[in-house]
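Engineer: Next come the chains, spelled out residue by residue.
There are 2 protein chains.
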Amino acid sequence: MDVKAYMQDLGRRARAASHAVAKADTDTKNRALHAMAAAIRRRHAEILAANAADLAQARAAGLEPALVDRLALSSGSVETMAEGLEQVAALPDPVGAVSELVERPTGIKVGRMRVPLGVIGIVYESRPNVTADAAALCVKSGNACILRGGSEAIRANLAIAECVHEGLRAAGLPADAVLVVNTPDRAAVGELLRMHEYVDIIVPRGGKSLVERVIAESRIPMIKHLDGVCHVYIDERADADKAVRIADNAKTQRYGTCNTMETLLVHEAIAPRVLPALARIYAEKGVELRCDEAAARLIRAALDGAAPQIRPATEQDWHTEWLAPVLGVRIVTSLDEAMAHIAKYGSQHTDAIVTEDEARARRFLREVDSSSVMVNASTRFADGFEYGLGAEIGISTDKLHARGPVGLEGLTSQKYVVLGNGQVRA
Amino acid sequence: MDVKAYMQDLGRRARAASHAVAKADTDTKNRALHAMAAAIRRRHAEILAANAADLAQARAAGLEPALVDRLALSSGSVETMAEGLEQVAALPDPVGAVSELVERPTGIKVGRMRVPLGVIGIVYESRPNVTADAAALCVKSGNACILRGGSEAIRANLAIAECVHEGLRAAGLPADAVLVVNTPDRAAVGELLRMHEYVDIIVPRGGKSLVERVIAESRIPMIKHLDGVCHVYIDERADADKAVRIADNAKTQRYGTCNTMETLLVHEAIAPRVLPALARIYAEKGVELRCDEAAARLIRAALDGAAPQIRPATEQDWHTEWLAPVLGVRIVTSLDEAMAHIAKYGSQHTDAIVTEDEARARRFLREVDSSSVMVNASTRFADGFEYGLGAEIGISTDKLHARGPVGLEGLTSQKYVVLGNGQVRA
Numbered sequence: 001m002d003v004k005a006y007m008q009d010l011g012r013r014a015r016a017a018s019h020a021v022a023k024a025d026t027d028t029k030n031r032a033l034h035a036m037a038a039a040i041r042r043r044h045a046e047i048l049a050a051n052a053a054d055l056a057q058a059r060a061a062g063l064e065p066a067l068v069d070r071l072a073l074s075s076g077s078v079e080t081m082a083e084g085l086e087q088v089a090a091l092p093d094p095v096g097a098v099s100e101l102v103e104r105p106t107g108i109k110v111g112r113m114r115v116p117l118g119v120i121g122i123v124y125e126s127r128p129n130v131t132a133d134a135a136a137l138c139v140k141s142g143n144a145c146i147l148r149g150g151s152e153a154i155r156a157n158l159a160i161a162e163c164v165h166e167g168l169r170a171a172g173l174p175a176d177a178v179l180v181v182n183t184p185d186r187a188a189v190g191e192l193l194r195m196h197e198y199v200d201i202i203v204p205r206g207g208k209s210l211v212e213r214v215i216a217e218s219r220i221p222m223i224k225h226l227d228g229v230c231h232v233y234i235d236e237r238a239d240a241d242k243a244v245r246i247a248d249n250a251k252t253q254r255y256g257t258c259n260t261m262e263t264l265l266v267h268e269a270i271a272p273r274v275l276p277a278l279a280r281i282y283a284e285k286g287v288e289l290r291c292d293e294a295a296a297r298l299i300r301a302a303l304d305g306a307a308p309q310i311r312p313a314t315e316q317d318w319h320t321e322w323l324a325p326v327l328g329v330r331i332v333t334s335l336d337e338a339m340a341h342i343a344k345y346g347s348q349h350t351d352a353i354v355t356e357d358e359a360r361a362r363r364f365l366r367e368v369d370s371s372s373v374m375v376n377a378s379t380r381f382a383d384g385f386e387y388g389l390g391a392e393i394g395i396s397t398d399k400l401h402a403r404g405p406v407g408l409e410g411l412t413s414q415k416y417v418v419l420g421n422g423q424v425r426a
Numbered sequence: 427m428d429v430k431a432y433m434q435d436l437g438r439r440a441r442a443a444s445h446a447v448a449k450a451d452t453d454t455k456n457r458a459l460h461a462m463a464a465a466i467r468r469r470h471a472e473i474l475a476a477n478a479a480d481l482a483q484a485r486a487a488g489l490e491p492a493l494v495d496r497l498a499l500s501s502g503s504v505e506t507m508a509e510g511l512e513q514v515a516a517l518p519d520p521v522g523a524v525s526e527l528v529e530r531p532t533g534i535k536v537g538r539m540r541v542p543l544g545v546i547g548i549v550y551e552s553r554p555n556v557t558a559d560a561a562a563l564c565v566k567s568g569n570a571c572i573l574r575g576g577s578e579a580i581r582a583n584l585a586i587a588e589c590v591h592e593g594l595r596a597a598g599l600p601a602d603a604v605l606v607v608n609t610p611d612r613a614a615v616g617e618l619l620r621m622h623e624y625v626d627i628i629v630p631r632g633g634k635s636l637v638e639r640v641i642a643e644s645r646i647p648m649i650k651h652l653d654g655v656c657h658v659y660i661d662e663r664a665d666a667d668k669a670v671r672i673a674d675n676a677k678t679q680r681y682g683t684c685n686t687m688e689t690l691l692v693h694e695a696i697a698p699r700v701l702p703a704l705a706r707i708y709a710e711k712g713v714e715l716r717c718d719e720a721a722a723r724l725i726r727a728a729l730d731g732a733a734p735q736i737r738p739a740t741e742q743d744w745h746t747e748w749l750a751p752v753l754g755v756r757i758v759t760s761l762d763e764a765m766a767h768i769a770k771y772g773s774q775h776t777d778a779i780v781t782e783d784e785a786r787a788r789r790f791l792r793e794v795d796s797s798s799v800m801v802n803a804s805t806r807f808a809d810g811f812e813y814g815l816g817a818e819i820g821i822s823t824d825k826l827h828a829r830g831p832v833g834l835e836g837l838t839s840q841k842y843v844v845l846g847n848g849q850v851r852a
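Chains as they are written, first to last, in my numbering: chain S, 1 to 426; chain E, 427 to 852.
There may be inaccurate statements among the hints.
To be verified - Here are some, though not all, of the chain S residues that point toward chain E, as calculated from beta-carbon distances under 7 Å:
#1 Thr26
#2 Thr28
#3 Asn249
#4 Thr252
#5 Lys399
Claimed, not checked - Lysine-lysine pairs mimicking DSSO-like chemistry, simulated, CA-CA at most 30 Å apart:
#6 Lys770(E) / Lys23(S)
#7 Lys344(S) / Lys430(E)
#8 Lys770(E) / Lys4(S)
Bear in mind the hints are in silico, worked out from the structure with no lab data behind them. Each residue gets a CB set at the ideal place from its N, CA and C atoms; glycine is no exception.
Work out the full structure: start from the sequences and follow the hints.
Structural biologist: Here it is, written out as C-alpha cells:
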C-alpha cells in the first residue's frame, strides 16, 4: 500500500466534503447525528463483534491488560456512544452566529461570523468511542475530519465509521465528511501531520509520547496539552475545612486524569492546621507524599512519627505529572512564592488557590498563566462538561486560539462580515 | 558577535519583562505610552538625524528609490508616531476583562478572562514608524516584544527604541518589555523564529518574500497573511451605480495595498450595464485589464475597438496579487461560479459581493471562506482602523486564533476562571 498516496486521497476527499458540511444548516447536521446514533444502536452487535476481534488480537499480541481494558466495549458503552451523539445534537450550533454589528462612521456595519475551521485531523489511542465522539463534535461544528485511531482498535473504529457514514448519507451529507484511516501503518500519522494543504488543525488525544510525536512532526497548528502538572495553593487566609476538602478531592477523586493535582503548596501560617489532617487522609488512601523539608517535619511531628509514605522531594518531582497516587507537598512563605513555584514547575493546565481573601484571589486569577485558574474549587472541575460546553474535543494549554477545555466553539473561528450600502473608501 | 547567544539573551530578558507588563494596570501602561510620545517629540531631532544616516547609507548602497522613500521620516511623520502612541493609550484595555460568569449546577461559576499572550516577535521592513506602533500595541495588550526591523532602518529604529525605553521606565515598567534587535545580521531573524521557549507568537510585516521566509523557518505560531488576492463579484441583482463605484474604488483608491481588488467577477446578465463604464474608468486611470474572452469581447464592442489596455488573462493571472494598476476581469454565469472562482484562486483575505438580493448576500457571506467578507462595500475597508479596532498589528488570513485585521484583542487570549466556595467534584 502506498501510504502517502492513500493519505493524500483522504485529504482531498475530506477537503471536498468540508464545504458541504460547512454550509449545512443546523437541522441537517442534527439529523445526521441522530441517524448515526440510530445506526449505532441497530448495528451494535457488529460493533461488538469487531471489538471482540480487536481484543482477541490485542491479547494474542500480549498488549498490557490495562490497555486491553481501555479497548473493550460493552452493550452499555455502545449505548453511551449513541447517547453522546444525541447530546451533541442537542447543543447549540455555533456556526453562522454573527456578533452584534457595529455601525462605523463611514456607514458600513462590521461584525464577526462564526465559521468552521475546515478539516480536523484527530490522532488518538485505544478507546473506540472517541471515533463517535469526535465525529459528532466535528460534524456539529461544520467541519470535516480525518480520524486516526490506534491500530489495536481498527476493526471497532471502522464498524463505528460505517454507522457514522450511514448517518451522514441519511441527512444528505457526504460520507467523506468523516474519514477513518484504514491502515495500521504508523506512517499514516506522519502523512496526516504534514498534509497542511488538506488539514487545518490537528488534535492529538492520548498519552505523552503520542502528543510529543505530534509536536515534533507536525507543522499544522494543534489543539493539545502535553502535561497536567496542576497545583492547589492553600493560602494563609484559607478556610481550613474547604482547603482539606479541595486538596483531598483534587488529588484522590481520580489519579490518572490531566486535571488531577500533582503538587500541593501550603502557606506556612496555615500548614499546622491543614497538613496533618490531609496527611492522614492521603495515608488512608495510599497516596505517597514527596515533601520539602518543612512539610516533612510538620507531618512527621503531627502524625507522631507514623508517616511511612513520606519521601523527600527532588527537583525533578516538582516537574512530574504522576498520574498516580503520588503527591508533591511544599510549604511556602507567601502567595508570591506559591505563584513563582507554579510559574516555574507548572504546565499551564489548571491551578487553584484556596483563600477567603478577595484581593489575593484576584491576584492569583490574574497572574497565574494557566488555561484554567480557580478559586476555592477542585482542579478536577477543569473539564468541558463541568464548564457547560456539553462535550470536549480536548484541553489546550497553548495560548493561541483556544485555551482550556475545547468544545464546539473551539472548533470554529470568526471571520469579519461587512454590510454596506455602496460605501467606498475615501 | 555570537548572534545565537545575543538573541537568547534578548529572549530571556523579554520573557522576564513580560510578567511585569502582563500584570501592569491600565493606568501604568497608558502612562508609559504617553511618556513614549513625549520622549519622541522631545528627541525628534535625534530620530531624524539617525534616519538621515540610515538614508545616506541606503543611497550609498544603491537601494531602490521606492525603498529609500519608504524609509524616510519627516517632522510630520515623527509627530504622527507620537500621536499614534497617544491613540493606542486612548483605546480600551482588553486585559483582565472577564466574560459573564455562568453558574453551573455544581455551584461553581465559570467565565473567561482576557490575558496577554506573553512575548511577541515582530519582523518588519523599512518603515521605522512600525517600531513605535508595534511597541504601543504590544505594551497596551500586556505583552513584551522583540522587534526586528530592516537593517537599512536600524539607526532610526534604535533612536525610537530609546524613547520607548524612556517611556517604559517613566511608568515603572522594565525597559526590556520592548527590545529592538541591534544587529543587521540576518541570522538574528532565524534565531528569533526558533526561540519558541521565549517567543509566543511571530508577526511578519512586510513583502511576500519576508513572509515566505518566516513561514518556512518558524515553528512558532504566526499572525500573518501571504497574499491579498481580493475579489469583487458584481451579481446579476446588483445596483449598477453601486457596482461601478465599488469596483472603481476597490481597484484604484490605492494599488499597493493587500485589500485592493485584484480580480473583478461580473455576472453575465449585468455585464453589459457595468463593464463598459468600468472599462472607461480603468482606461482613464491607466489600469490594464486581463480579461477572459467574454469580458474582452464585451469591452471591445462597447468601447468601439478603442480599448488598448486589454490582454487575455492567463491561468496564472487569476492567482496573481498585482499590487499595481492591473486587474483580472471575468464574466461568470452564476453566484456559484463566482464563489467557485474565489475558492480556487483567492487567498482568503477579503472578498465582496455587490447585490440587492438578500438571499444571495447571505449565501456569499456564509460560504466565502475569507477573513473579511463584504456586501455592497469596497474591499479597501478591510483595515483595523476602518473596523474600529483603533490600530492593527497586521491582517491574518489564517483560521486559528485571529482572522482579518488584528488589533489589541488579537494580541490576547482567554483563560478560564472558576470561582467556587469549596466545591469538589463528585
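Engineer: Decide, hint by hint, whether the structure agrees.
Structural biologist: Here is how each hint holds up against the structure:
1. Hint on Thr26(S) is violated. Least Cβ distance to chain E is approximately 13 Å, over the 7 Å limit.
2. Checking Thr28(S) against chain E: minimum C-beta separation of about 14 Å lies over 7 Å; hint violated.
3. At about 3 Å, the closest approach between the beta carbon of Asn249(S) and any beta carbon in chain E falls short of 7 Å, and the interface hint on this residue holds.
4. Checking Thr252(S) against chain E by beta carbon gives a least distance of about 10 Å; that is not within 7 Å, so the hint is violated.
5. Here the hint on Lys399(S) is kept, as its CB sits about 5 Å from the closest CB of chain E, short of 7 Å.
6. As the CA atoms of Lys770(E) and Lys23(S) are separated by approximately 17 Å, the hinted pair is consistent with the 30 Å bound.
7. Pair hint Lys344(S) plus Lys430(E) holds up; C-alpha atoms about 24 Å apart against a cutoff of 30 Å.
8. A C-alpha spacing of about 24 Å is found between Lys770(E) and Lys4(S), which places the hinted pair at or below 30 Å, so the restraint holds.
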